[in-house]
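S.K.: Here is how the chains run, residue by residue.
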Amino acid sequence: MTGSILFMLIIVLGGIAWFFGRVKASRFSADNKKRRAVHSLPNYHGWYVALWTIGPALLFLMIWNTASPALITDAALTSPAAEQLPQDPFARGAILAEARSIASGQQVQAFNPLSQSMVEPYRTAISYYRTLGMVAALLLVFACGAFGWLRLKPELRARTKIERATMVLLLFASLIATITTIGIFVSLIFESARFFSMVSPIDFLFGTEWNPKAVAGPRGETGFGAIPLFWGTVFIGAIIAMIVAIPLGLMSAIYLTQYAPPNFRAWMKPILEVLAGVPTVVYGYFAALTVAPALRDFAVSIGISGASSESALAAGVVMGIMIIPFVSSMADDSIAAVPSAMRDGSLAMGATKSETIKKVLIPAALPGVVGGVLLAVSRAIGETMIVVMAAGLAANMTANPFSSVTTVTTQIVKLLTGDQEFDSPKTLAAFALGLVLFIVTLLLNLIALRVVKKYREAYE
Amino acid sequence: MTTRNVDVFYGEKQAIKDVSIDVTMDNVTAFIGPSGCGKSTFLRCLNRMNDTIPIARVTGDITLEGEDIYAPKMDVVQLRARVGMVFQKPNPFPKSIYDNIAYGPRIHGLASSKDELDNIVETSLQRAGLWGEVQDRLQDSGTALSGGQQQRLCIARAIAVDPEVILMDEPCSALDPIATAKIEELIHELRGKYAIVIVTHNMQQAARVSQRTAFFHLGTLVEYGVTSDIFTNPTEEKTRDYITGRYG
Chain A
1 MTGSILFMLI IVLGGIAWFF GRVKASRFSA DNKKRRAVHS LPNYHGWYVA LWTIGPALLF
61 LMIWNTASPA LITDAALTSP AAEQLPQDPF ARGAILAEAR SIASGQQVQA FNPLSQSMVE
121 PYRTAISYYR TLGMVAALLL VFACGAFGWL RLKPELRART KIERATMVLL LFASLIATIT
181 TIGIFVSLIF ESARFFSMVS PIDFLFGTEW NPKAVAGPRG ETGFGAIPLF WGTVFIGAII
241 AMIVAIPLGL MSAIYLTQYA PPNFRAWMKP ILEVLAGVPT VVYGYFAALT VAPALRDFAV
301 SIGISGASSE SALAAGVVMG IMIIPFVSSM ADDSIAAVPS AMRDGSLAMG ATKSETIKKV
361 LIPAALPGVV GGVLLAVSRA IGETMIVVMA AGLAANMTAN PFSSVTTVTT QIVKLLTGDQ
421 EFDSPKTLAA FALGLVLFIV TLLLNLIALR VVKKYREAYE
Chain B
461 MTTRNVDVFY GEKQAIKDVS IDVTMDNVTA FIGPSGCGKS TFLRCLNRMN DTIPIARVTG
521 DITLEGEDIY APKMDVVQLR ARVGMVFQKP NPFPKSIYDN IAYGPRIHGL ASSKDELDNI
581 VETSLQRAGL WGEVQDRLQD SGTALSGGQQ QRLCIARAIA VDPEVILMDE PCSALDPIAT
641 AKIEELIHEL RGKYAIVIVT HNMQQAARVS QRTAFFHLGT LVEYGVTSDI FTNPTEEKTR
701 DYITGRYG
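Line by line, the protein sequences give chains A and B. Start counting the first sequence at 1; every next residue gets the next number (the working numbering). Start counting the second sequence at 461; every next residue gets the next number (the working numbering).
Hints were generated in silico from the structure; no laboratory data involved. Positions of the beta carbon are idealized from the N, C-alpha and C atoms, including for glycine.
Not the full set, but computed from the structure, chain B residues with beta-carbon under 8 Å of chain A:
hint : residue
1    : Asn507
2    : Met509
3    : Thr512
4    : Gln538
5    : Ala541
6    : Gly544
7    : Met545
8    : Lys549
9    : Tyr563
10   : Gly564
11   : Ile567
12   : His568
13   : Arg617
14   : Val621
Full structure from sequences and hints, please.
M.R.: Below, the structure is given as structure tokens:
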């Protein structure tokens, strides 16, 4: 019997428990003619028994599955075959891992003859612990199910208890996202710490030469100065993209909220929002194959030196276009949230529509717009596909938009694709870059959300 | 201002039927009537604020000093500078008190220097009876004032562009009795300098502040005349029923 069959069996038993709980509870109301003598509906009693049946067993299996591999290894090591194993922890670990995957059927042939000798002890240990776990789980199912069933009484507050169980379930669901975020952050910190033990943080954060290929001397690791990457990221994501996205997004929001006839708006708004749903890879093609060559030819024709077919401008412009819907929908919301009394007041003073927009609506909506722009910036600097395809890999520190620059995300992709060793600073640098990016976008998001929230309160 | 045979439609629905009223320039005119009778809708025709509602359609003649305000050559921006408006809920802009008042003069280019603008702001606030309360804090936000002060700020803002007519759409309905008394006092003082048209639910208020009263019912003008006549000796039975509180 495998794990998934056991799981389904438990669920089925839970269903049966639900049914019997319900039947038992229906009898209460049949026996008790007095109003409100039975606290909860039969359905809740059913769920109560079902939860007692399933919950403890599943919880046990979860813990068992995490704990048993260590127990299995310990058991296998007590066998006589284990005495020939080498003492070196690396070699020992590799042999054990191989033996284990053969024993569990993931691998057919042993590479190391020593592993073959360990397969049998492993197989015994695995089947022993698996059987033990299953028996324990099934015992739990019946014991706890019976306990729940016996507790069913007319005055049992099953409804309240199910309410609490629902709350716990929802809490659990929301914790998963939070814990994942924390987990990502912790793992980034962990790997970055390893990187910073090899490369000084000051060299990394303030160095201006990025060339991680350089195999350096014993302690003088060089080529990890990330300033050119930070500059490239800011140049593309926060400068060029925003020069494109802020005016276009804001103006389209103004047109759509203030001028557009309703049926035009009904068409236009979804089309604009589709822009946000286009896969970034597609933007990447567009930037690399259409925009970048056109910009290069243009630059060459007007005689700009250093024009490259992978330019900051191409990536930035396309990214700006991608960001337009973010800016425009935030601006749209905040302009629409300005009370119409404000607009009427201005129009009644004899202001034209554009004067009203410029002097009353935009100032009043500004915090919301700023919040939207900050969210857009944080999205833009974390964007990967467009810059990988269109911005290039050369870590130049240049303000010439026609030349090639590289960004943090591009370099992370470059460092982590292909073969790599996880103890070299070259690979670990990717985590340090990721950490910086993570912190920056987190801060931007926090500030943006705070600004937007404060602004919402101002009109409520 | 004169209006002749004015009809207003919201889509298919007719909101105002055949209303003709002359608003005299040296009087306060009150529009009274039960909720939904069209008095605010009619008021908003007088400075074409109904233009902001796409489905609204106005027919008939409305003239200001002989000019048809719905004529194609009439500039709505100019019209609204001549016919100012105060709304039901005070709606100061989220700017300083000074900038709230200076808003109109600035967009219409009424002041050629900073001194002149200061002067307009001071005069408008004085006329609105607010100068004494705010002269030391002109740079504070207009939204930080109390409700009654905000409404007087809005009146001052309307006065600042030197209009001929001021329309007030239930200007006291969001205010407490003391603030209401101040606004009524202000209306008395402004009478004669500007033609004032006020929509109100409060019949005592209409009796106190106005010289002429129009009674609206279901989109039609039932009776229009001297305020004291309307309240003491109405000719229409509907008016009498409304005034004596039989309905509405």
